[in-house]
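**Student:** Using the sequences and the accompanying hints, generate a full structural model.
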Amino acid sequence: MRKNRGGGARGFAEVSKARLGKAQSREMLDYVWTPYADIDPENVAAMIRCNMAHTVMLCEQGIISRREASGILGALRALQRRSRSFPFDPVKGDLFFNVEAHVIARAGPDIGGKMHLGRSRIDLIAALMRLKVRKNLTRLLAAVMAFRKALLSRARTTADVVMPSYTHLQPAQVTTFGHYLVAFHDVVTRDLQRLLNAFVSTNASPLGAAAASGTSWPLDRRRVAELLGFSSVIENTKDAAHNYDWLPEVMAAAGILMSNVARVATDLYIWCSNEFALVELDGAFAASSSIMPQKKNPYSLEMIKARTGEVTTAFGAILEILKGDTGGTAFDVKLTGPRIADNAVNRAADMVALMTPLLKTLRLNRERMAESAGDGFTTAVALADTLVEHGLSFRTAHHIVGRLVRLATERGLGYRDVDRALVDEAARDIIGKDIGLSATAIKRALDPDGFVRSRRGNGGPAPGEVRRMIASRERQNAKWERAVGGAVTRIADADRRLIAAVERLSRG
1281 MRKNRGGGAR
1291 GFAEVSKARL
1301 GKAQSREMLD
1311 YVWTPYADID
1321 PENVAAMIRC
1331 NMAHTVMLCE
1341 QGIISRREAS
1351 GILGALRALQ
1361 RRSRSFPFDP
1371 VKGDLFFNVE
1381 AHVIARAGPD
1391 IGGKMHLGRS
1401 RIDLIAALMR
1411 LKVRKNLTRL
1421 LAAVMAFRKA
1431 LLSRARTTAD
1441 VVMPSYTHLQ
1451 PAQVTTFGHY
1461 LVAFHDVVTR
1471 DLQRLLNAFV
1481 STNASPLGAA
1491 AASGTSWPLD
1501 RRRVAELLGF
1511 SSVIENTKDA
1521 AHNYDWLPEV
1531 MAAAGILMSN
1541 VARVATDLYI
1551 WCSNEFALVE
1561 LDGAFAASSS
1571 IMPQKKNPYS
1581 LEMIKARTGE
1591 VTTAFGAILE
1601 ILKGDTGGTA
1611 FDVKLTGPRI
1621 ADNAVNRAAD
1631 MVALMTPLLK
1641 TLRLNRERMA
1651 ESAGDGFTTA
1661 VALADTLVEH
1671 GLSFRTAHHI
1681 VGRLVRLATE
1691 RGLGYRDVDR
1701 ALVDEAARDI
1711 IGKDIGLSAT
1721 AIKRALDPDG
1731 FVRSRRGNGG
1741 PAPGEVRRMI
1751 ASRERQNAKW
1761 ERAVGGAVTR
1771 IADADRRLIA
1781 AVERLSRG
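If you're matching positions, the sequence shown starts at 1281 in my numbering and goes up one per residue.
Just so you know, these hints were derived from the structure itself, not from any lab. There's no promise every hint is true.
[Said to hold, decoys possible] Under the rule of at most 30 Å between Cα atoms (straight-line distance), these lysine-lysine pairs were calculated in the DSSO-like manner: (1) Lys1302 / Lys1614; (2) Lys1603 / Lys1614; (3) Lys1614 / Lys1415; (4) Lys1603 / Lys1415; (5) Lys1585 / Lys1575; (6) Lys1640 / Lys1585; (7) Lys1585 / Lys1603; (8) Lys1302 / Lys1415; (9) Lys1614 / Lys1518; (10) Lys1429 / Lys1585; (11) Lys1723 / Lys1713; (12) Lys1429 / Lys1759; (13) Lys1415 / Lys1640; (14) Lys1640 / Lys1576.
[As the list claims (entries may be wrong)] If you anchor each label on the Cβ, the simulated ranges turn out as follows: (15) Met1583 / Thr1437: 21 to 29 Å; (16) Thr1616 / Ser1752: 41 to 49 Å; (17) Gln1450 / Gly1589: 23 to 31 Å; (18) Ala1758 / Gly1716: 51 to 59 Å.
All C-beta atoms, glycine included, are put in the ideal place defined by N, C-alpha and C.
**Tutor:** This is how it looks when you write it as structure tokens:
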């Protein structure tokens, strides 16, 4: 073989042999380099883009000639056209060395061997990890935006649908389905902010850090970041090359999101049971049984709950891997981190995308909701408040109403059966005398519709207040759309700038 000053067309095999004196074992090739290479079209395309951006910068900085840049870029463009059928050879090492070997084979060792001037596999692989997670995050961000819109849209049409709310899975008070949805919209909005923060941390360029101490070549790190759509450069080269705290930040944001989405899924899962019968899944999001023809199983909700475990445990997995890193190259992080992050972020996006149309098509059993809204004495606190208005302290009123509920329950009475006599009986048991509430006052206090409509304070479930909250949040949506849309647009603009620069230099 011709002497190869640029590293050799056989890539890592030659690099390792020169230092170690022997070739890599078959086990190393099969169980280390092949999985580490992460050969999928997306990763190959990202590697090619990173090499293109670096080559453009090397030429603009006068480190390589335009002819040399044209030769390297021509080889990369040829490889780009076949990125979906990349000719990976584990003998050559990972993706880094496979791409270099291809460029050297096409452009020649004297030109192709200059592609990695001033860089290391360490900062390049770190960049590839960020690019892949960044792309997956943009998909998740878009899914969350669509889910938030669905929550508000459905809340607007159900702002006056009265239903029971639960604590400890026991009837607690009365609310509306719209109020419930606005609450989760606000939770998901905080999830969106966490994801955007994680996106900012992810979208920072480590390129130009080399192995940790940078390089003596006059690289323009900001230019490379600009061409790849990174919003910033990680300044300290040690920090850039070896720190991965952004990964658990992404996993935490995705995990918290899925934990919240699973709470909605669990509520709907319970409410669509025959015992509750408050909601019903559209047939498109359910499945029947192989033997029991009457079944309508909520498989979609079960999948959301199950996938949540995958996403939330990814956070712990990443932390467990990171804690063993001594500040070196973190090969263990690079080997497993991308797969964990890729699975977690994409599974979260899948489940949010599933929940959105499920919510849009969900059928509400409004009659059942209204009928059960007051069951379990969910309006008891309103009766206690009425007693306070008649001169009692709240704690005394609480005791009287608690006694009343016990008496009614023992006698098989519901809230509709409570009358003046029962209230006075409970009062005598607690304070030794009658209260004298009128039947009208008692009925008004225990009425579920009246309970909801009286909660007109800031953030309450009264339909008018719910609609005010919805309108306020719809006005704020423009800010979120700019934030998410702007991030995606900046990446697309960077791709266009890179393509233009490559085409200009490729003409030689």
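**Student:** CA of Lys1429 to CA of Lys1759, is that 30 Å or under?
**Tutor:** Holds, at about 13 Å.
**Student:** Lys1640 and Lys1576 were given as a pair; does the straight-line alpha-carbon distance stay at or below 30 Å?
**Tutor:** With a Cα-Cα distance of about 18 Å, the restraint between Lys1640 and Lys1576 holds, given a limit of 30 Å.
**Student:** Can you confirm whether the C-alpha distance between Lys1415 and Lys1640 stays at or below 30 Å?
**Tutor:** Holds, at about 27 Å.
**Student:** Verify the proposed pairing of Lys1302 with Lys1415, using a straight-line Cα cut of 30 Å.
**Tutor:** 39 Å, violated
**Student:** Given the hinted pair Lys1603 and Lys1415, is their Cα-Cα distance within 30 Å?
**Tutor:** 26 Å, holds
**Student:** Is it true that the CA of Lys1614 sits at most 30 Å from the CA of Lys1415?
**Tutor:** Judged against 30 Å, a Cα distance of about 17 Å means the pair holds.
**Student:** Within 41 to 49 Å: is that where the Cβ-Cβ distance between Thr1616 and Ser1752 falls?
**Tutor:** Holds, since Thr1616 and Ser1752 (Cβ atoms, about 44 Å apart) stay within the stated range.
**Student:** Could you check the hint for me, namely that Ala1758 and Gly1716 are 51 to 59 Å apart, CB to CB?
**Tutor:** Because 55 Å falls inside the window, the suggested range holds.
**Student:** Can you confirm whether the C-alpha distance between Lys1723 and Lys1713 stays at or below 30 Å?
**Tutor:** 21 Å, holds
**Student:** Against the range 23 to 31 Å, how does the distance between the Cβ atoms of Gln1450 and Gly1589 compare: consistent or not?
**Tutor:** For Gly1589 against Gln1450, whose Cβ atoms are near 26 Å apart, the range 23 to 31 Å holds.
**Student:** Need the status of pair Lys1585, Lys1575: alpha-carbon distance at most 30 Å?
**Tutor:** 20 Å, holds
**Student:** Is 21 to 29 Å a correct range for the gap between the Cβ atoms of Met1583 and Thr1437?
**Tutor:** Since Met1583 and Thr1437 have Cβ atoms about 26 Å apart, the given range 21 to 29 Å holds.
The earlier numbered hint that this structure contradicts is number 8, and it is the only one.
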